[in-house]
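Hints are included, so try docking the two chains, each in its own frame, into the full complex.
For the record, the sequence lines run as chains A and B. In this text, residue positions in the first sequence follow the numbering used here: the first is 1, and each later residue adds one. In this text, residue positions in the second sequence follow the numbering used here: the first is 1, and each later residue adds one.
Because the hints were derived from the structure by calculation, they are not lab data. Bear in mind the structure is a predicted one, so any value in this text is a computation, not a measurement. In this text, a Cβ means the ideal position worked out from N, Cα and C, and glycines have one as well. Mixed in with the good hints, there may be bad ones.
As the list claims (entries may be wrong) - Computed list of lysine-lysine pairs in DSS-like fashion (alpha-carbon distance at most 30 Å, straight line):
no., chain 1, residue 1, chain 2, residue 2
1, A, K124, B, K68
2, A, K41, A, K63
3, B, K291, A, K63
4, A, K8, A, K63
5, A, K124, A, K8
6, A, K41, A, K8
7, B, K291, A, K41
8, A, K63, B, K283
Unchecked claim - Short, incomplete list of chain A residues facing chain B, as computed with Cβ under 10 Å:
no., residue
9, G31
10, L73
11, G76
12, V80
13, M83
14, F84
15, Q92
16, G131
17, A137
18, V158
19, F160
20, G172
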Amino acid sequence: MTDVDYTKTEAMVVAAARELRDGDSVLVGVGIPNLACNLAKRTHAPELEMVYESGTIDSNPSKLPLSIGDPVLASGALRVVPMFEGFTTYLQAGRIDVGFLGGAQIDRWGNINSTVIGDYDDPKVRLPGSGGACEIASNAGRTIIITPHEERRLPAEVDFVTSPGYVGGREGREERGLRGGPAAIITDKAVLRFDENGEAYVDTLHPGVTEAEVRDATGWDVAFADEATETTPPTADEIALIREELDPNGVYTGGGE
Amino acid sequence: MTTLTTTSGAVSEAIGDGDTVYLAGFTHLIPFATGHEMIRAGLEDLHLVRATPDLVYDQLIAAGCASKVTFSWAGNPGVGSLQAFRRAVEDGVPNPIEIDEYSHYGLTARLAAGARNLPFMPVRTFEGSDLPAHSDNIRRVEDPFGDDDVYAVPPLNPDVAVVRAQRADENGNAHLWGISGEIADAAMAAETVILSVEELVDEDVIRSDPNRTAFTGRDVDFVVEEPYGSHPSYAQGYYDRDNEAYLEWAEASQTHESVQEWLETWVYGVDSRDEYLERLGAKRLLELQPKHDYAEPVDMGRY
Chain A
1 MTDVDYTKTE AMVVAAAREL RDGDSVLVGV GIPNLACNLA KRTHAPELEM
51 VYESGTIDSN PSKLPLSIGD PVLASGALRV VPMFEGFTTY LQAGRIDVGF
101 LGGAQIDRWG NINSTVIGDY DDPKVRLPGS GGACEIASNA GRTIIITPHE
151 ERRLPAEVDF VTSPGYVGGR EGREERGLRG GPAAIITDKA VLRFDENGEA
201 YVDTLHPGVT EAEVRDATGW DVAFADEATE TTPPTADEIA LIREELDPNG
251 VYTGGGE
Chain B
1 MTTLTTTSGA VSEAIGDGDT VYLAGFTHLI PFATGHEMIR AGLEDLHLVR
51 ATPDLVYDQL IAAGCASKVT FSWAGNPGVG SLQAFRRAVE DGVPNPIEID
101 EYSHYGLTAR LAAGARNLPF MPVRTFEGSD LPAHSDNIRR VEDPFGDDDV
151 YAVPPLNPDV AVVRAQRADE NGNAHLWGIS GEIADAAMAA ETVILSVEEL
201 VDEDVIRSDP NRTAFTGRDV DFVVEEPYGS HPSYAQGYYD RDNEAYLEWA
251 EASQTHESVQ EWLETWVYGV DSRDEYLERL GAKRLLELQP KHDYAEPVDM
301 GRY
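With the rest of the complex left out, here is chain B (with noise of 0.2 Å):
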């Protein structure tokens, strides 16, 4: 059963100090709305999960939130390194956290084998990299039909799930497009999946379009309309990415303190997503909307 909710009323019912969770996307659709909320309600000790840690996951990180992250790619996207994730590993700011290392093949190649219950994952990757020798979930595996080895990974099944997309019904059965990533797999993986969209439309407007579900309702707990949700990364269609916002935070998370003061402003100090736009103000959002440019609609046929 989905349960049609808030950005405040999910996170407080799926998440808890300790979870595993995973905040999904590729660049695209980023939730940050709920990333921040993960941080206004002071969760601890959270195990972070994504291919792209990004801004969020380093907020996160310098507000205390994170004791594990488990990557591929820890940086700010088009920009340069995470800031606050490497105080954290390299000098235990503000606290020490462990990591766990792959490439993205590997760790996409997890989300899938827990999407779809296999033991594990073949991939073709890791052979002569250093990657393995530091990770005890990349193993080696005889191939049963031939003579060579294979390396694989282990399934990866979330506590909890945070994926965006577009639009959806208040079932949360999802319409998404442009960049994908990974977050149907994280979707389909994860324990419990809070789906957080730009828009709610009617059922039908699903219906029309069934190649354009990402997953369906059965496989999501809470639904959140969060306009503007994923700011500052973009909603292919409705906003662009933000970018002054990840050239100022490569500034703002420069020391330790400085993050503190931005977390201020922009996370402690807003008491809602709703408050936070009204801080960055019409005209920033308006700068960020592009023209329109339609598919061709798709003619499904009556029958």
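Looking at chain A on its own, in the form it has when it is part of the complex (with noise of 0.2 Å):
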């Protein structure tokens, strides 16, 4: 195989389409979670339902919605429904296999704040808020954490908690009632799994990454597997899916990086 190059969100985006399996009913995010899934569509996963939570049941966009709320998304979809009921009927009742999240800061339990930055009170930034995250996160079989790698996005603990991961551990999470659990986090770095505590470790390293940028990027001392190997880097074929049919204005994947 021929060396492909790629940019550093090409990789997270190729990282996250591979945790998508097929037949997963998968509730998806704009922005990078929505390339990801299209493009896990175009490869080894041609039978993955997209759902939006503006409602819309196995979508089919002929081209990279602008928004969740995109008409791509209703032209030549299966059902639309409305909010509430794509809420309450098809995620809360367990007919989503998998959530993607995003969130200004993520921390060791794959808890997940976009809502504040500082006193909820008295903000430094104010964010917009938790959307369906804290449902998705709430009651998806599982959930995928797509994040850039630093240390400020990923901290020791949250400043607030919009979407729980695992709190109190996973045990704490049983307990709580809550459905599945994080089952990764996606960075333009690394690829992090949670051990048996429910605490995250670096599983996988980009290639060209080290370890050292690594924990320098993340906000506690992290663990890494014992045999942390390189994560396998995209293929010719994905990048050019991505660049010549997802995203060809380099929206999401853009930026010289």
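Next up, the structure:
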């Protein structure tokens, strides 16, 4: 196989796509998750069902949607339901296998903050809020978290838990009646997974990334798998699909990284 | 009794200072024309509610119309943050606003309870989240049939809902397709409803496809025909989202001063939606026109 040039963001998209299994019903977010799902559907997971929190079921977008409420998600979908029905009879009832989430901060237990930086009542930065993230983190069969790998984004503890990860460890999560839990954190440097206590560790490093680099960019003393291997690099086909079909204008994957 | 009127007529009749108002829609069919008229009317002290406050709420906040916002995701969809909302929450500019925050499920469950006259709606969310600690409206209730507790939210019955649909007859029987968000529940939960549509059609058109009716005229107080009334958001089958406008807002809303300039041009500087559309220009509107893609007609049968 010949070496392929790719950006850090493209590596993240490809790693995220590979977390999806053929036949999964996935609740997709806009941006990187959207690219990852569309890439998976065009490669190893043609039977992927893409569901959006705007209520579209099995969307089949002809082009990359601008938002999760884009008309291309309704045109050609199998079904469109009101928001409330999407959250009750699909998500809460257990019809969603996997949810994609991001956030301003993600901690070692996979808790996500998309609410505020600083104090809730006197915020340094007011973020958009939960949207559907809290219920996705609580009801999807598993969640995949995507974030650029930076120390401020991966603190030991988030300022605000918008969406629960392994709160109180894996046992704590189960006792609270929460379904699933985070399966992986996909960054532009590594793939992190969760140990038996529910704490994130580095499973694989993306090609060319060192352990030291990841330690520096993580807000806690992160553990590494005994044999931390290299993430399988993107293939030429995957990169071509991203650049030529999925994000031809480089809206999400550009930026010259 | 439903009144056929204009956007300004509906706003002056239906909405007053201090009202709780729900401008519904999830990215699709956002009532921009009505929102701009509310700004021109100089409404104050409004409690704005919506799962996804976007540009139109940012504009109402920037114009000083709001004192409280109830929401679950406040952002410029697909673009970034809402700058005016942030200035109000972080710095109290142009005035401080109170916030009441949920997740999407939590807030749409409140509307669903309101539309169905339920005392509360149980929801499997909020467990393990910090959100309940910051709201009096997210509480635990005991399961009367089992051992577990569950979170619950109270009903929401706005004073006024402003909703849009592609078409309706003059009695307010509305056909809606594409992403419907929380539009029907908002219309069924609110005390007073303003329905604004792309086009008025005969009642026969509505009755030819009753499964497509989102709500009927009995729940509607004012009907307005306002073509392009959702620009720069979209109306499925009529026009696409004007993404340039969303990017322009991200720029224009950078400072309180630049926002005022934008409002001067696009809201205060025009006296109606027609003048707004003239300012936009036919070329820009034509570029948003999708090609036709009709659904296969259904046969209701003649019985």
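Hint-by-hint comparison with the structure:
| no. | hint | result |
| --- | --- | --- |
| 1 | K124/A - K68/B | 20 Å, holds |
| 2 | K41/A - K63/A | 13 Å, holds |
| 3 | K291/B - K63/A | 15 Å, holds |
| 4 | K8/A - K63/A | 23 Å, holds |
| 5 | K124/A - K8/A | 29 Å, holds |
| 6 | K41/A - K8/A | 21 Å, holds |
| 7 | K291/B - K41/A | 26 Å, holds |
| 8 | K63/A - K283/B | 23 Å, holds |
| 9 | G31 | 8 Å, holds |
| 10 | L73 | 7 Å, holds |
| 11 | G76 | 9 Å, holds |
| 12 | V80 | 6 Å, holds |
| 13 | M83 | 5 Å, holds |
| 14 | F84 | 4 Å, holds |
| 15 | Q92 | 5 Å, holds |
| 16 | G131 | 4 Å, holds |
| 17 | A137 | 8 Å, holds |
| 18 | V158 | 9 Å, holds |
| 19 | F160 | 5 Å, holds |
| 20 | G172 | 8 Å, holds |
Hint check: no violations occur; every hint is consistent with the structure.
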